[in-house]
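> Between the sequences and the hints, there should be enough to build the whole structure, so can you do that?
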Amino acid sequence: MANPGGGAICNGNLHNHEKQSDGSASGNCPKNGIVKEAQQNGWPHVYDKPLVESFEEAPLHVMVFTYLGYGLGTLFGYLRDFLRTCGIEKCNAAIEREEQKDFVPLYQNFENFYTRNLYMRIRDNWNRPICSAPGSRFDVMERVSDDYNWTFRFTGRIIKDVINMGSYNFLGLAASYDESMRTVKDVLEEYGLGVASTRHEMGTLDKHEELENLVAKFLNVEAAMVFGMGFATNSMNIPALVGKGCLILSDELNHASLVLGARLSGATIRIFKHNNMQSLEKLLRDAVIYGQPRIRRAWKKILILVEGIYSMEGSIVHLPQIVALKKKYKAYLYIDEAHSIGSVGPTGRGVVEFFGLDPRDVDVLMGTFTKSFGASGGYIAGRKDLVDYLRVHSHSAVYATSMSPPIAEQIIRSMKFIMGLDGTTQGLQRVRQLAKNTRYFRQRLNEMGFIIYGNEESPVIPLLLYMPAKVAAFARHLLNRKIGVVVVGFPATPLAEARARFCVSAAHTREMLDTVLENLDEMGDLLQLKYSRHRKSARPELYDETSFELDD
Amino acid sequence: MDFKRVKDYFSWLYYQYQIISCCAVLEPWEQSMFNTILLTIVAMVVYTAYVFIPIHIRLAWEFFSKMCGYHSTISN
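Same order as they appear, the protein sequences are chains A and B. Using the working numbering, the first residue of the first sequence is number 1, and each one after it goes up by one. Using the working numbering, the first residue of the second sequence is number 553, and each one after it goes up by one.
Check before you lean on any hint, since a few could be wrong.
Dumping the calculated DMTMM-like pairs for lysine to aspartate or glutamate here, alpha-carbon to alpha-carbon at most 20 Å [to be verified]:
{"id": "1", "chain 1": "A", "residue 1": "K436", "chain 2": "A", "residue 2": "E447"}
{"id": "2", "chain 1": "B", "residue 1": "K559", "chain 2": "A", "residue 2": "D525"}
{"id": "3", "chain 1": "A", "residue 1": "K327", "chain 2": "A", "residue 2": "D388"}
{"id": "4", "chain 1": "A", "residue 1": "K217", "chain 2": "A", "residue 2": "E447"}
{"id": "5", "chain 1": "A", "residue 1": "K416", "chain 2": "A", "residue 2": "E209"}
{"id": "6", "chain 1": "A", "residue 1": "K90", "chain 2": "B", "residue 2": "E582"}
{"id": "7", "chain 1": "A", "residue 1": "K90", "chain 2": "B", "residue 2": "E579"}
{"id": "8", "chain 1": "A", "residue 1": "K301", "chain 2": "A", "residue 2": "D363"}
The hints are simulated quantities; they were obtained by calculation from the structure and are not laboratory data.
This is the structure:
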């Protein structure tokens, strides 16, 4: 385990790299990215515990009832649409103008039908405005609807101290002002808020350079570059890295920013099944053997796009196998660590540290500062020549405004806090508290009998609800009991697998988690949500004993 | 107070029916319409069962007994 204070992990500056290129791999010069104690053993610490993931299927009657429920909703949707076109009912949704009635219909595809007839009925569970910092407790504005969710109005009351199980606040750093944020206030006073320029023109501040050096040191890589917006980091930089004639192998459940970046680049995109190494290997073999589709030439580049933690499934990418495949078939690897940076790994440095791998094995490390650092923006880190290329060729660097200085200072403060460079061990304690909270919450939910997806160690916990009416009832009841959760339905998840997604935070105390778990227990009984057939017992297993009193 | 418990149980059961069949998200007039249609269909099924099932069972019994009887006369 790394010592707090970050002293054992060596930094990734250029000087170290030059020293290493002399060829000395042992002795006085510790290798980049490998923990010192493990280095003394002679081999890197590779993750040897088995990955425990579960994606349990629901019982058959649940799926049947889910589809029946959607069927009933669809029938009533047709009825209501008919009433609207007849004119019996006033139409509140978007419709074409009179002059456009003979053109190609705009609002008749399934997405719009679903939005008008199914989503509108339960719309009050989304887009709820809050009016405080998204810490472990927050305030929600109360709103009611008089016409079945077509319009809302605020009553003026505020629901105070709602327990926050939905914000991506993994380390509890997204809190309201306290004295530790003093440096952010000073930077705000000195630099102001607006940068008013792009990175190429006059928008590169010394704060950005300080931040980029710190990010490179945090991740144990040679260099890093930061961008103002996390979504734009993916969608604007993938086109700069690959183009026509290249191949992108992207996971089935990748985020919209990765998909958008891949499509914008113009490369050929092939999709492999979620976290399925056989599917990926088959695609890689076909790509290397057959080359480009009609001309049969070799691909210019093969780029594998994966995420560290998938936010809808809670699964962690099988990184050691992907790195082995990438080395065998000579492909490049791009990891989007939006949810995993700061939240997994013994010292919070992401999936690469979680598996004990060398950061130099991953070609492009991308992440965002929105989730664990309480700020906004994204970064791309890797080798120095990659980052230098992106500084010149990235669309974001040329056209987008650079990061605002107080936000850069907030990230610097958070990162130093996590690394222990501010002189305390609180950062490491928070990372450990997050891991403890995650394990406790997942274990209790499994014992209660809910179906939970994902890896045992991931702080994103989807709880499957399946039926649309239960989704609405779940969110409403929990808000009445002052717990705020995020429920997710059709376009973001498959049709029949609606879920509630919990994000555990290091700022949650044991009492808060227990309150939430009690309420979830009651909701599970009220709404009959405990579908799991593999309910684990809370009592320790008897066959762990090594001796039985049979022979006496 | 057993009556109250029974009433609670039935209201819980009705709530489960509403949740599972997606009635909970429908507007009240849609719920009444769906409940009416469903009750009508169930009533028709019950009536048909009440009228026809004894007749069908009697016919089936006669058919099988005649076949077994025929079989036994053959074996004699």
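> Now, for every hint given, state plainly whether the structure supports it.
To see whether the hints hold, each was checked on the structure:
1. At most 20 Å may separate the alpha-carbon atoms for a hinted pair to count; K436 (chain A) and E447 (chain A) meet this at roughly 17 Å.
2. Of the pairs offered as hints, the one joining K559 (chain B) and D525 (chain A) holds, with about 18 Å between alpha carbons and a cut-off of 20 Å not exceeded.
3. At most 20 Å may separate the alpha-carbon atoms for a hinted pair to count; K327 (chain A) and D388 (chain A) exceed this at roughly 24 Å.
4. Under the criterion of a C-alpha separation no larger than 20 Å, the hint pairing K217 (chain A) with E447 (chain A) is inconsistent with the structure, at around 41 Å.
5. Between K416 (chain A) and E209 (chain A), the direct Cα distance comes to roughly 15 Å. Compliance with the 20 Å bound is thereby established for this hinted pair.
6. Only pairs whose Cα atoms come within 20 Å are accepted, and K90 (chain A) paired with E582 (chain B) is accepted, the gap being roughly 16 Å.
7. The suggested pairing of K90 (chain A) with E579 (chain B) holds, with an alpha-carbon distance near 15 Å, which does not exceed 20 Å.
8. At roughly 13 Å between alpha-carbon atoms, K301 (chain A) and D363 (chain A) fall within 20 Å of each other, so this suggested pair holds.
Hint violations for this structure: numbers 3 and 4, all remaining hints satisfied.
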